[in-house]
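Participant: So you can see what is in the structure, the chains are spelled out below.
There are 2 protein chains.
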Amino acid sequence: MAVGKEEAVVYHPVKGFKLGTGSAGIKKPGRKDLVVMEIPVGSSLASVFTLNQFCAAPVRVAKKHLATGALPRYLLTNTGNANAGTGEQGIIDAEACCQALASKMRCDAESILPFSTGVIGEPLPVAKITAGLESAIANLSEEGWEEAAHGIMTTDTRPKGASDQFEYQGKTVTVTGISKGSGMIMPNMATMLGYVATDAEVEPNLLQRLLSHTSDRSFNRITVDGDTSTNDACILVATGQSGVEITDLEPVLMERFTQALEHVMLSLAHAIVKDGEGATKFVEVRVEKAGSTEEALKVAYTIAHSPLVKTALFASDPNWGRILACVGRAGVHDLDVSDVQIWLDEVCIVDKGARATSYTEEQGQQVMNRENICIRVILNRGGFVDQVWTTDLSHDYVTINAEYRS
Amino acid sequence: MAVGKEEAVVYHPVKGFKLGTGSAGIKKPGRKDLVVMEIPVGSSLASVFTLNQFCAAPVRVAKKHLATGALPRYLLTNTGNANAGTGEQGIIDAEACCQALASKMRCDAESILPFSTGVIGEPLPVAKITAGLESAIANLSEEGWEEAAHGIMTTDTRPKGASDQFEYQGKTVTVTGISKGSGMIMPNMATMLGYVATDAEVEPNLLQRLLSHTSDRSFNRITVDGDTSTNDACILVATGQSGVEITDLEPVLMERFTQALEHVMLSLAHAIVKDGEGATKFVEVRVEKAGSTEEALKVAYTIAHSPLVKTALFASDPNWGRILACVGRAGVHDLDVSDVQIWLDEVCIVDKGARATSYTEEQGQQVMNRENICIRVILNRGGFVDQVWTTDLSHDYVTINAEYRS
Numbered sequence: 468m469a470v471g472k473e474e475a476v477v478y479h480p481v482k483g484f485k486l487g488t489g490s491a492g493i494k495k496p497g498r499k500d501l502v503v504m505e506i507p508v509g510s511s512l513a514s515v516f517t518l519n520q521f522c523a524a525p526v527r528v529a530k531k532h533l534a535t536g537a538l539p540r541y542l543l544t545n546t547g548n549a550n551a552g553t554g555e556q557g558i559i560d561a562e563a564c565c566q567a568l569a570s571k572m573r574c575d576a577e578s579i580l581p582f583s584t585g586v587i588g589e590p591l592p593v594a595k596i597t598a599g600l601e602s603a604i605a606n607l608s609e610e611g612w613e614e615a616a617h618g619i620m621t622t623d624t625r626p627k628g629a630s631d632q633f634e635y636q637g638k639t640v641t642v643t644g645i646s647k648g649s650g651m652i653m654p655n656m657a658t659m660l661g662y663v664a665t666d667a668e669v670e671p672n673l674l675q676r677l678l679s680h681t682s683d684r685s686f687n688r689i690t691v692d693g694d695t696s697t698n699d700a701c702i703l704v705a706t707g708q709s710g711v712e713i714t715d716l717e718p719v720l721m722e723r724f725t726q727a728l729e730h731v732m733l734s735l736a737h738a739i740v741k742d743g744e745g746a747t748k749f750v751e752v753r754v755e756k757a758g759s760t761e762e763a764l765k766v767a768y769t770i771a772h773s774p775l776v777k778t779a780l781f782a783s784d785p786n787w788g789r790i791l792a793c794v795g796r797a798g799v800h801d802l803d804v805s806d807v808q809i810w811l812d813e814v815c816i817v818d819k820g821a822r823a824t825s826y827t828e829e830q831g832q833q834v835m836n837r838e839n840i841c842i843r844v845i846l847n848r849g850g851f852v853d854q855v856w857t858t859d860l861s862h863d864y865v866t867i868n869a870e871y872r873s
Numbered sequence: 468m469a470v471g472k473e474e475a476v477v478y479h480p481v482k483g484f485k486l487g488t489g490s491a492g493i494k495k496p497g498r499k500d501l502v503v504m505e506i507p508v509g510s511s512l513a514s515v516f517t518l519n520q521f522c523a524a525p526v527r528v529a530k531k532h533l534a535t536g537a538l539p540r541y542l543l544t545n546t547g548n549a550n551a552g553t554g555e556q557g558i559i560d561a562e563a564c565c566q567a568l569a570s571k572m573r574c575d576a577e578s579i580l581p582f583s584t585g586v587i588g589e590p591l592p593v594a595k596i597t598a599g600l601e602s603a604i605a606n607l608s609e610e611g612w613e614e615a616a617h618g619i620m621t622t623d624t625r626p627k628g629a630s631d632q633f634e635y636q637g638k639t640v641t642v643t644g645i646s647k648g649s650g651m652i653m654p655n656m657a658t659m660l661g662y663v664a665t666d667a668e669v670e671p672n673l674l675q676r677l678l679s680h681t682s683d684r685s686f687n688r689i690t691v692d693g694d695t696s697t698n699d700a701c702i703l704v705a706t707g708q709s710g711v712e713i714t715d716l717e718p719v720l721m722e723r724f725t726q727a728l729e730h731v732m733l734s735l736a737h738a739i740v741k742d743g744e745g746a747t748k749f750v751e752v753r754v755e756k757a758g759s760t761e762e763a764l765k766v767a768y769t770i771a772h773s774p775l776v777k778t779a780l781f782a783s784d785p786n787w788g789r790i791l792a793c794v795g796r797a798g799v800h801d802l803d804v805s806d807v808q809i810w811l812d813e814v815c816i817v818d819k820g821a822r823a824t825s826y827t828e829e830q831g832q833q834v835m836n837r838e839n840i841c842i843r844v845i846l847n848r849g850g851f852v853d854q855v856w857t858t859d860l861s862h863d864y865v866t867i868n869a870e871y872r873s
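Top line first, the protein sequences correspond to chains U and Y.
Once you know that position 246 of the first sequence is 713 in our numbering, the rest is easy, because the numbers rise by one and skip nothing.
Once you know that position 169 of the second sequence is 636 in our numbering, the rest is easy, because the numbers rise by one and skip nothing.
These are calculated hints, taken from the structure and not from any lab test.
Keep in mind that the hints are not guaranteed to be accurate.
A pair counts as met if it fits within one copy or between any two copies, since identical chains are not told apart.
Calculated pairs, SDA-like style, for lysine to any residue (alpha carbon to alpha carbon, straight line, at most 25 Å) [as the list claims (entries may be wrong)]:
| no. | residue 1 | residue 2 |
| --- | --- | --- |
| 1 | 530 | 803 |
| 2 | 472 | 635 |
| 3 | 495 | 828 |
| 4 | 765 | 798 |
| 5 | 495 | 784 |
| 6 | 495 | 783 |
| 7 | 819 | 554 |
| 8 | 495 | 832 |
| 9 | 595 | 827 |
| 10 | 494 | 849 |
| 11 | 819 | 760 |
| 12 | 482 | 834 |
| 13 | 756 | 520 |
| 14 | 756 | 848 |
| 15 | 495 | 621 |
| 16 | 819 | 593 |
| 17 | 819 | 516 |
| 18 | 530 | 684 |
| 19 | 765 | 801 |
| 20 | 494 | 823 |
| 21 | 494 | 841 |
| 22 | 494 | 830 |
| 23 | 765 | 710 |
| 24 | 765 | 516 |
| 25 | 765 | 800 |
My request is simple: use the sequences and hints to build the entire structure.
Facilitator: What follows is the structure, given as structure tokens:
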């Protein structure tokens, strides 16, 4: 189950960036579970990783390889096994997979960044992955996006991709990305993998700044169940092969590029929420007139994480009392509840801290029947606004997570 | 559904404290939904209330009446309607109910403390409650505990009560209590009502100290879904009619009384968790060797609130990776993950930050099949220990909360 229909994605290839998907039979024989991406020489790369202190082995190895300062040449992703909670053996296993790919591609093992997603705590099946590499390498192609979007899926019910293009001085700039993730979605990159590439030329420091900025406004604003994974990572590669360079010196171009990048990142993040485990609704929780960004997010996440609000959303029940109770327990200092207003889309449900006098159950029900809903809380304490995106909590969520390993 | 069998409670009456249960037909005709408790002159009373900033009207009125400094003479509880999010009209309605009972009992309205639990945001049916008062008053009796335990239930599937007695110099001291609550259970008194009475003599300041201390170790350590209600309250009354006085000057007696009080409070709190909405397991999350109490609770609550851990518990799946991921994201500063050990009852599942080498899936499965489970995290950072109690997350939880209002 997922919210809305699956939208067809036109994947514009990114000049120089190749993807190959293969099969290692990690969980099921024949399943596409291995993806190799090739980064051309001369590219820049930026990355963000999980903040969970139990970083999985591949995250630790990727960070170590990045620390050499050399440009990574390959991204190696397996699904079905997260290689997390596997201690020192996990590190050895992740390095072994890098080494195997490096031997085949005739490069250093440090030029490979490994990514793993799936069950935590089981030993990585290194031999299977090594044996499967050939099938992925054989498919390496600039046209490989769609297959790779399938190849990185775990409990995802749909592939997730987004692509944007714009023209600049007769040249076309492309930004294309894929992502995976459906449970354990939380700020700080929860079980999410994202790979975005562009053929713009962007020097590494600027690229890192752009990735940090846009991931903070996209992947770090989504939550399904409040859990943060040990394996999350988002990689942004700029191959430069469009011949268009993005710099601070050309603000108009910079603006246009940032728009395209944000569009892709936000599409990928929203796609993850819509495919949230068991999701039947896509919900924006927006907090306005807050005293600070921190305060806005505190209230937004308290609502977005509340099982009582989420089950009410699943039941299409305009139970505004549960939303109001969340605002009251969000820990906002000295909150004057009589200043609080709450809206469901265009319907004001709470005014001056109590049910709005104009509100009728029918109005609330009409909004709740929708698949896309905005819960808007107006605190009237200042000028800050922020929002997060989330889903409801359904029977399917319980089923999926109670049965994931069986 | 609830964890374990319903245990028979022997309610020892508390000399001078009377309870009467009646019917006001608030949600369903004939349902017992109204409880009046009578406090004899000469008693002491202590109270703790919700920390949710959206206090419901009855909480605000109760606090106002307590502020007069006079001893309350009656506690008036209705179920079916929480009188929360009802603005100024809610205050007027709560006062009207107090006034109606005061007229009948020939006392001031300020001598009544009102309590409401049920749906948020609907106007309190004052006329129904007023009309139902007579049926509750007619039953006032020291023997009324068991009926009252039923009368304060909402989505509870069982009444909750506990009672303890001890002898002191030939006299018997009794502590008896009832509670309600099954969803929205969180620290800070989440949708919970608790009424405890003793025939010991305790001066008000000491009684408040004892209630604050024991509620912090019982009601404030339980969590079902992380939501905190707008209506929670716990009242402790000491009638003094046993003739035994508890004071700081008699530490042995004080210790014995505190034990009895803690036993009752903890039994009431655990009963709430076991009756948690849809609960199939009763889980203690215990964090040992933490750097501080705050740190221990941070880790304990992160685990206890994780939907992924809770669904794994529901599935009896020893998915220790999800527990480990919680420890990693709990926000413990400078955590050395290689120091962390995790146990499921007597089975060590994580050692040195990875799966314990001695661990087998069969061992974990054996523990997970139990109804009562202890998740024990050893941080090896200091000398602090604390624990919380919680439940799993089941299909029934979703069903109950998605359908509560229909």
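Participant: Hint by hint, note whether the structure agrees.
Facilitator: For each hint, the structure was consulted:
1. 530 to 803: Between copies only: 18 Å across chains, 46 Å inside a chain, cut-off 25 Å.
2. 472 to 635: neither (33 Å within a copy, 72 Å between copies)
3. 495 to 828: between (49 Å within a copy, 20 Å between copies)
4. 765 to 798: Both: 8 Å inside a chain and 15 Å across chains, each within 25 Å.
5. 495 to 784: between (40 Å within a copy, 20 Å between copies)
6. 495 to 783: between (37 Å within a copy, 23 Å between copies)
7. 819 to 554: Answer is between; shortest inter-copy Cα gap is 8 Å, intra-copy 54 Å.
8. 495 to 832: between (44 Å within a copy, 23 Å between copies)
9. 595 to 827: Close across copies (23 Å), not inside one copy (60 Å); limit 25 Å.
10. 494 to 849: This pair counts as neither: shortest intra-copy Cα distance 51 Å, inter-copy 41 Å.
11. 819 to 760: Within one copy only: 22 Å inside a chain, 38 Å across chains, cut-off 25 Å.
12. 482 to 834: The answer is neither: 44 Å in one copy and 54 Å across copies each exceed 25 Å.
13. 756 to 520: between (33 Å within a copy, 18 Å between copies)
14. 756 to 848: This pair counts as within: shortest intra-copy Cα distance 6 Å, inter-copy 41 Å.
15. 495 to 621: within (12 Å within a copy, 47 Å between copies)
16. 819 to 593: between (60 Å within a copy, 23 Å between copies)
17. 819 to 516: Between copies, since 23 Å is at most 25 Å while 42 Å is not.
18. 530 to 684: Within one copy, since 23 Å is at most 25 Å while 43 Å is not.
19. 765 to 801: both (14 Å within a copy, 23 Å between copies)
20. 494 to 823: between (53 Å within a copy, 23 Å between copies)
21. 494 to 841: For residue 494 and residue 841, the Cα distance exceeds 25 Å both inside one copy (38 Å) and across copies (31 Å).
22. 494 to 830: between (48 Å within a copy, 23 Å between copies)
23. 765 to 710: For residue 765 and residue 710, the Cα distance exceeds 25 Å both inside one copy (43 Å) and across copies (51 Å).
24. 765 to 516: The answer is both: 22 Å in one copy and 23 Å across copies each meet 25 Å.
25. 765 to 800: Both. Shortest intra-copy (11 Å) and inter-copy (20 Å) distances satisfy the 25 Å Cα cut-off.
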